[in-house]
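With chain V held as given, fit chain X onto it using these hints.
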Amino acid sequence: MFDQAESFVTADGRTIGSVMMEMKNITLRFGGVVAIKDISFDVREGEIRAIIGPNGAGKSSMLNVISGFYHPQEGEVWYKGARRPEMKPFEVARQGIARTFQNIALFEGMSVLDNVMTGRLNHMKSGILSQAIWYGKAEREETENRAVVERVIDFLEIQHIRKTPVSRLPYGLKKRVELARALAADPKLLLLDEPMAGMNVEEKEDMSRFILDVNDEFGTTIVLIEHDMGVVMDLSDRVVVMDYGKKIGDGPPDEVRNNQAVIDAYLGVAHD
Amino acid sequence: MTATDSADLVSIPALLTRNAREFGDKAAYREKEFGIWQSWTWVEAVEQVEALALGLLSLGAEKGDHVAIAGRNRPYLYWAMLAAQSIGAVPVPIYQDAVGDEIAYVLDHCNARFIVAGDQEQVDKILDIRDSLKNLQTIIYLDPRGLRKYDHSILKQYQSLQEEGRAARGDLGDELAKRQAAQTYDDTCVMLYTSGTTGRPKGVVLSNRNVIETSKNSSQFDDLGPGEEVLAYLPMAWVGDYTFSMGQALWTGFCVNCPESAETMMTDLREIGPTYYFAPPRVFENQLTNVMIRMEDAGRLKKWMFDKAMAHAKRVGPALLSGASVGFLDRVKYFLGDIFIYGPLKNTLGLSRVRIGYTAGEAIGPELFDFYRSLGINLKQLYGQTEATVYVTIQPDGQVRADTVGVPAPGVEVRIGDNGEIYYRSPGVFVEYYNNPESTASTKDAEGWVATGDAGFFEEDTGHLRIIDRAKDVGKMADGRLFAPKYVENKLKFYPNILEAVVFGNDRDYCTAFVNIDLNAVGNWAERNNIAYGGYQELSQHPQVLDMIKAHIEETNQSIAQDPMLSGCQVRRFLVLHKELDADDGEMTRTRKVRRRTVEDKFDDLIAGLYGGALFVETTTEVTYEDGRKGSISAKLELRDAALAAEQQMAAQ
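Heads up: the protein sequence lines correspond to chains V and X, in order.
Here our numbering is used: the first sequence runs in plain steps of one and ends on residue 272.
Here our numbering is used: the second sequence runs in plain steps of one and ends on residue 653.
With the rest of the complex left out, here is chain V (with noise of 0.2 Å):
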């Protein structure tokens, strides 16, 4: 299914392209932990690539190598074909990466609106007094951005809470509103972290539907981390399977599903 054609169309009509990332033989260490061990894998333009695996099996470290936020003491990552050198997380973003945590971090006492909107920082570029006093760029710029922001707060669907504070709104629109701030920042690539952890089922297809969406209408790359294994098996192109650091498989779900190891790794086998 995946060869080294440079792009092609899945069954179900969708076009996946070349290879926007890689991650070449990524190790990460906090002192003598070893989180991650030598892992390699690869996203491709437009896929939705899902990265599974027991608690503790390093996925969010994994998560935060790409977004910048750790950096592996061994391996190189590749973007758009070229090395990545050592980025801060602001640079990352610049690069058109955004994400969304498995904790909610919003600001809580801001309305939904004004949350959303700071998800368009990197795209403002006037300077603090012209902001202050809203005035001539600064202005022009708001309304440009307001307006990105907007078509984002009625692709997901939460108009009827635009001017509502976080802190009054349920756990699953609050994730929502997460995923609403990173794609206010139209990113190329797009980083999920259980975008789906403590959902009740009806939500849940809500938020794959809203994930299938800006896939399919944007063009975003999404990584995401899922432990629902049904949400992973309908949503994703690709999966890797990572347990205890090391990757035991990588590929599309109906050939994990069947991996030996992955069964292992998931019913608990004793581990040498």
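Quick caveat, the hints were computed from the structure, so don't treat them as lab data.
Hints should not be assumed to be uniformly reliable.
[As the list claims (entries may be wrong)] No farther apart than 35 Å at their CA atoms in a straight line, the calculated lysine-lysine pairs in the DSBU-like style are these:
(1) V:Lys163 to X:Lys602
(2) X:Lys156 to V:Lys188
(3) X:Lys308 to V:Lys163
(4) V:Lys174 to X:Lys149
(5) X:Lys346 to V:Lys174
(6) V:Lys204 to X:Lys636
(7) X:Lys125 to V:Lys174
(8) X:Lys26 to V:Lys137
(9) X:Lys149 to V:Lys204
(10) X:Lys32 to V:Lys188
(11) V:Lys188 to V:Lys37
(12) V:Lys174 to X:Lys303
(13) X:Lys125 to V:Lys163
(14) X:Lys579 to V:Lys204
(15) X:Lys550 to X:Lys630
(16) V:Lys204 to X:Lys125
(17) X:Lys636 to V:Lys24
(18) X:Lys630 to V:Lys174
(19) V:Lys163 to X:Lys303
(20) V:Lys174 to X:Lys579
(21) X:Lys476 to X:Lys636
(22) X:Lys149 to V:Lys188
(23) X:Lys630 to V:Lys137
(24) V:Lys163 to X:Lys302
This one's a predicted model, so the numbers in the text were calculated from it and none came from an experiment.
Just chain X, lined up with the frame of chain V:
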């Protein structure tokens, strides 16, 4: 600036052209999108409608074709109806929340050739039943989201069809003008399906004459002008929305505002501040419940002011509104109340600017009705039907009461049949039920009188019509006394804690009732009284809730006993249902009217229990989820007795 009369205004598109000429760049349509009210002038609306009409012509649409419209209220969908009418096709709006089966029936029955769908959800529903739609040629969809990868052999995007239409103006412009010129006053204007309280929905065919004459009469009655603002939020498939947002809007040239989404309706209402507003009792009830719940949580001073001011409003508000004489001191007090309480409250409800408000569809509780009137909102009742292009009777300003539905509307004749059934004749009387001559013949006689199916009588002193019940639901008890279930159900439903009630008793010795509690109101009560519950089912069977409902029923029995004619309808036994009656399960129509027979069949075990004297009944019920999947819930229901108001009953006999 008022709309002028003219002999060539024989179709809805002709009204559109006139409005563009007379009102030009005045706002005709608004819709909130991307957080801003986007607006279109009459001139812009004409351009949009023409482009789509030309697009439909380029697809080969013929005169008389049916164009179905499915989606929430949006200017684009109103234009789709206008575009269809411009080319002599017939728009058929369908309920956007209808499930596959219901849509399949309607689309198949009207043999729709084109469908304009609002979004992916609607498209999916239609694609699911595509095989059964022989005549379907193209689905025109509005919101492209999620539809990009669909097979486009029968799909077309709305705006791209408009582009094709604009490009083909040279070739098809003449044809469009010819089709428009060929329209007559008696051509079909629109086809609206009844919600089908009993049996399958019927397609009510309304002519240009029906719609335009009715709009003209009703606009004059309430002095509607081009300056009115309305919020279009009720289902487009419902005759009321068609009359208010299309007929009257185009006749008088007022602006139609569409909310951003169903969830934002209350916010949008506040932002628009309509001057002419329609809502079924349910919406007014929800608004009142929300206010009351919030006042329960308010500080002591605010609560005191609210109670004080509302008590005064209740005393003098309705009188002030009807123009009756009120003492000077009371006027001053009311004025102060208006500054501190009524004004801000109306503003919060979005009703500050309402000049004329209507409620219809169901009986409205006197408490509820008086609440709004006492605030100074001119809320009135009307009684109508799809077959009458809405209006049968209507309440004139100054003669407004909760328990009547007013006098015959302008141009309408009303008479009461021997069996108590209400008949009417008017310029708004429908042409026919589509492809259903038997039903047409049994509803409308040769002289044009239409049977409403409702029983009622005119009050002798005021000339106002009072409705008792559906004529076919009115029956006899085993001892021969009159049985009018709706009369009792309405009394029960006036309690905020009771959402829905179904009363049985035809050919029986006594009456029994099913009750649905209002989860909002009862849930709030439970919260304040530290009663834990896991959901509707658990709360509905809570002993204290049953006590509460029992008290309501006994109070209702007292009041029923006052009426000698209906005192046999007191409820002796009742239960609180373990599920809410739902349109998805077929227990209600899409306009939320109970389907009595379905409920009777579905819960026959419960009815047997009520009449058999059982104290508990275990039951399992099949439920349908919104996406069409089925599941089941089981519960053990407690059946209770309620005391009858025996004294008055004896006296009445």
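Any hints this thing doesn't respect? Which numbers, in order?
Per hint list: 1, 17 and 23 violated.
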